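Heads up: the protein sequence lines correspond to chains P and R, in order.
Under my numbering, the final residue of the first sequence carries the number 270; numbering is consecutive throughout.
Under my numbering, the final residue of the second sequence carries the number 616; numbering is consecutive throughout.
Rather than coming from a laboratory, the hints here were simulated on the basis of the structure.
Everything numeric in this text was worked out from a predicted model, so none of it was measured.
Check the hints yourself; a few may be wrong.
As the list claims (entries may be wrong) - No farther apart than 30 Å at their CA atoms in a straight line, the calculated lysine-lysine pairs in the DSBU-like style are these:
| # | chain 1 | residue 1 | chain 2 | residue 2 |
| --- | --- | --- | --- | --- |
| 1 | R | Lys335 | R | Lys404 |
| 2 | P | Lys21 | P | Lys164 |
| 3 | P | Lys139 | P | Lys21 |
| 4 | P | Lys139 | R | Lys335 |
| 5 | R | Lys520 | R | Lys534 |
| 6 | R | Lys534 | R | Lys335 |
| 7 | P | Lys21 | R | Lys335 |
| 8 | R | Lys335 | R | Lys520 |
| 9 | P | Lys139 | R | Lys404 |
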Amino acid sequence: MGFFTDTSVCIGCKACEVACKEWNAVPEDGLEFTGMSYDNTQGLGADTWRHVAFIEQSKPIGQNETGVDHGAPPGAGGMRWLMASDVCKHCTHAACLDVCPTGSLFRTEFGTVVVQQDICNGCGYCVPACPYGVIDQRKGDGRVWKCTLCYDRIGVGQEPACAKACPTDSIQFGPLDELRERAALRVDQLHDLGVEDARLYGHDPDDGVGGDGAFFLLLDEPEVYGLPPDPVVTTRDLPSMWRHAGVAAATLLGGLAAVFAAHGRKGGAR
Amino acid sequence: MSSSEVGKEGVRGERPGREAQIGKGLRGRGRRGGRRGGRGEKAMVPEAEFTSYYGRPILKPPVWKSFDVAGYFFLGGLAGAGSVLAAGAQLTGRPAAARALKISSLAAICGSTAALVHDLGRPERFYNMLRVMKPTSPMSVGSWLLAAYGPAAGAAAALEVTGLFPRLGRAATAGAAVLGPAVAAYTAVLAADTAVPAWHEAHRELPFVFVGSAAAAAAGMALVAAPVRENAPMRTAAVLGAGLELAAAKVLERRAGPAAEPYKRGRGGAYMRAGEILSAAGTAGCVLLGGRSRAAAALSGAALLASSACTRFGVFHAGVQSAEDPKYTVVPQRERLAGRDAASAS
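Build out the structure end to end from the sequences listed, making use of the hints.
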């Protein structure tokens, strides 16, 4: 099961952010005025499991024209907003799950990735391991927190709180293959409408993380939304890392042994 | 009185600019990220189309405390390489050096474990580390490694000091010497197995930087603690260790591309440079004077210890810098994509 977030119909209402906080009883995490368009939440974190990004661009969308005279002062140009609700990607090859030394992160029967809060010991290893920068440590608590894809809700046949609250169906929940099919149709539809920039992100099961359990329809490059363009599960290179460390350890042992062999026994030790 | 300039006729006067602020950064944080090649410096990578979300980092920087985790790397290296030197010293009839190194290894491994536990968000749950054994988690592997190495190093030191059960003492010394290099090297994998660009891209060289640094630190400790008549192999070990550390760091800086930039700039760069200078001073000091003067040997040893600590702090801060700047995440990934596209097109 997973999410398909179609940002082309997101209206930036933040109902998903609020519904997520409400349902999961996620604490308040700073009431800050950032000046980043309408985004005062800033990003995903321990206490923000859904985050709506607001991007202001002077760029046409589809057959709309920027620069149409609406009485704006000269030079102001046209402007478009991109709004996108971001969330934990629930990677098929999840780095956070791989590197967790306690086994507190686990794969659920729905294919999602969840933290067992009673086992997490706060080592924080999953935080820099996540190629998307999602999971984070809650200050004063020490444990790490992230989207559970409403494990408690889907377990009893309900859709996650964010998807339930979304008024435009920008957030859709369901079996991944069904969602992928729907997403492909939507991209074709948008291309026909002249929205050439429409693209899917995280939908490909052959990408660096084995495909995301939460994927997106974007209207610009991923990095514009604060997403990495080509994320790779960090443990993909782990065999090579262990090999190099093994050679390095052997070098240390062998090198120092050679040093003592070269110097020989100390004559007339005390 | 209202001072609004918007009336039925429209807006009077100038309106503030509402151009997209993408990549311009938040509270100056994005200044490093958004713009390239500042201060007339040549950009490390060809001018790529680099955009980001308000200059915000894409990755989460490590939540680890630098003092704890960089200190853990340093102490682990000191302990691990120290155990190898201790065994070598014992086998070749240098008892004072062996004794000093066994004690320093025990102290260092206790200190590093304390630092690790202190850094946990919930230290009282440290034992959860030993719930599972996961080769995909270098931290799990490390915990089990410490669980095996710690008692061996402890027994080696305790039996040395008390003089009890010499045969068991020799077995513990040998055990610690075999596990020591793994303790010194695995921390490099611990850092590299993350999405942090400066660490991940350096995963081939980092273990060699770490074991070289560990050898230099342990040799430095021996120079500080052991008499001059026993320190000849320690001086050779210091030269080899410092040489390996420096060579691996240089290869890393060349090969890791733009991700190596934080090793040369900012706080990470400053620590790396301080490490190089101290390492050069310590090595030169011990080679030239370490065989004659006890004071010079001790001073050189202290410089080598400080150099090793600086290198670990340098690596740590370079990683944090590279995670905080979206440029280091986006540009290499874009280049990778472009390379793949070019390969599939041809």
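We went through each hint and held it up to the structure:
1. R:Lys335 with R:Lys404: holds, 24 Å
2. P:Lys21 with P:Lys164: holds, 13 Å
3. P:Lys139 with P:Lys21: Holds, at about 17 Å.
4. P:Lys139 with R:Lys335: Roughly 13 Å between the alpha carbons, so the hint for lysine 139 of chain P and lysine 335 of chain R holds.
5. R:Lys520 with R:Lys534: holds, 11 Å
6. R:Lys534 with R:Lys335: Cα-Cα ~21 Å, so holds.
7. P:Lys21 with R:Lys335: Holds. Lysine 21 of chain P to lysine 335 of chain R sits at ~29 Å (cutoff 30 Å).
8. R:Lys335 with R:Lys520: holds, 26 Å
9. P:Lys139 with R:Lys404: holds, 27 Å
In this structure, none of the earlier numbered hints is contradicted; all agree with it.
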